[in-house]
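Student: Taking the working numbering, the leading residue of the sequence shown gets 1234, the next gets one more, and so forth.
You may find that some hints are simply not true.
What the hints assert, rightly or not - Dumping the calculated EDC-like pairs for lysine to aspartate or glutamate here, alpha-carbon to alpha-carbon at most 20 Å:
| # | residue 1 | residue 2 |
| --- | --- | --- |
| 1 | Lys1494 | Asp1356 |
| 2 | Lys1340 | Asp1283 |
| 3 | Lys1359 | Glu1409 |
| 4 | Lys1501 | Asp1389 |
These are computed hints drawn from the structure, not numbers from a lab.
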Amino acid sequence: MNQYVEKVKSAAEFLRQRVSELPEIGIILGSGLGKIADVLQEPKRFHYSDIPGFPISTAPGHKGELIFGKLADKNVVLMNGRFHYYEGYSMQEVTFPIRVMQLLKTKFLFVTNASGGLNPVFDVGKPMIITDHINFMGDNPLIGQNIDEWGPRFPDMSEPYDRDLIKLAKRAAQEERIDVYEGVYVAVAGPNFETPAELRMFRKLGADAVGMSTVPEVIVARHAGIKVLGLSAITDRAVPEDLKPLSAEEVLEIAEKTGEKMARIILKVVTYL
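The whole structure should be built from the sequences, with the hints applied where relevant.
Tutor: Structural data, given as structure tokens:
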């Protein structure tokens, strides 16, 4: 664990020496959701391979770069591509960038993802504001030695997604005239898409959308005291009665179309902060 701590500190120091202003907001861009990067002002890019200790993103639709810049005069850092448990990384590696953001004094984390809509009333191509989550990944990034300076041994998770940020996201969607859903996200390890029996189980557990990311980063962000807003792009109907064969290419295509709506919501929320 000491080696992990030193890697995080080394990466944070590497970036601190190369950016003039530390980011108040961190934004994780999920599969096919790179639209926000296009409107970032004064961008300064760092490929993951150039940052000490950083893993390398291998998933389709993930560029693998950290971009510092400004949105609505706020200092932000974008993760243009995240790390997934299914890529073979440990939970600590998956959440490495969140620890780096913590040391860079980031206060807010906006997470986006592409997910299947478990709720039968959900239409494909619409965003969902995440109100809560279920960790069904079989692992947790906080397992092991706790680093007390990073957060408590037993962090509270009664409000994983900040209620005030959720209100702002709903306000932003209304002002932008974007229809949004609200719901519970369940995270699975992947990389295979789910079976009909699994989808029925998740729905009975109270989940509205299913995906293979987000939850580890949110757990670590809350451990670090960072406030979180989560948005899912509903890219397919994960309803057993309507289930059809699905490919990653189809998911990315819908995610890119929905990403424009999510980008507008996020940009608006940034202006409110």
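Student: Indicate, hint by hint, whether the structure satisfies it.
Tutor: Cross-check of the supplied hints:
The straight-line distance between the Cα atoms of Lys1494 and Asp1356 is roughly 14 Å, inside the 20 Å bound, and the hint therefore holds. With a C-alpha separation of about 25 Å, the suggested pairing of Lys1340 with Asp1283 is violated against the 20 Å cut-off. Among the hinted pairs, Lys1359 with Glu1409 is consistent with the structure: their alpha-carbon atoms are about 13 Å apart, no more than 20 Å. Proposed proximity of Lys1501 and Asp1389 is contradicted: the alpha carbons are some 29 Å apart, above 20 Å.
Hint check: violations occur at hints 2 and 4; the rest are consistent with the structure.
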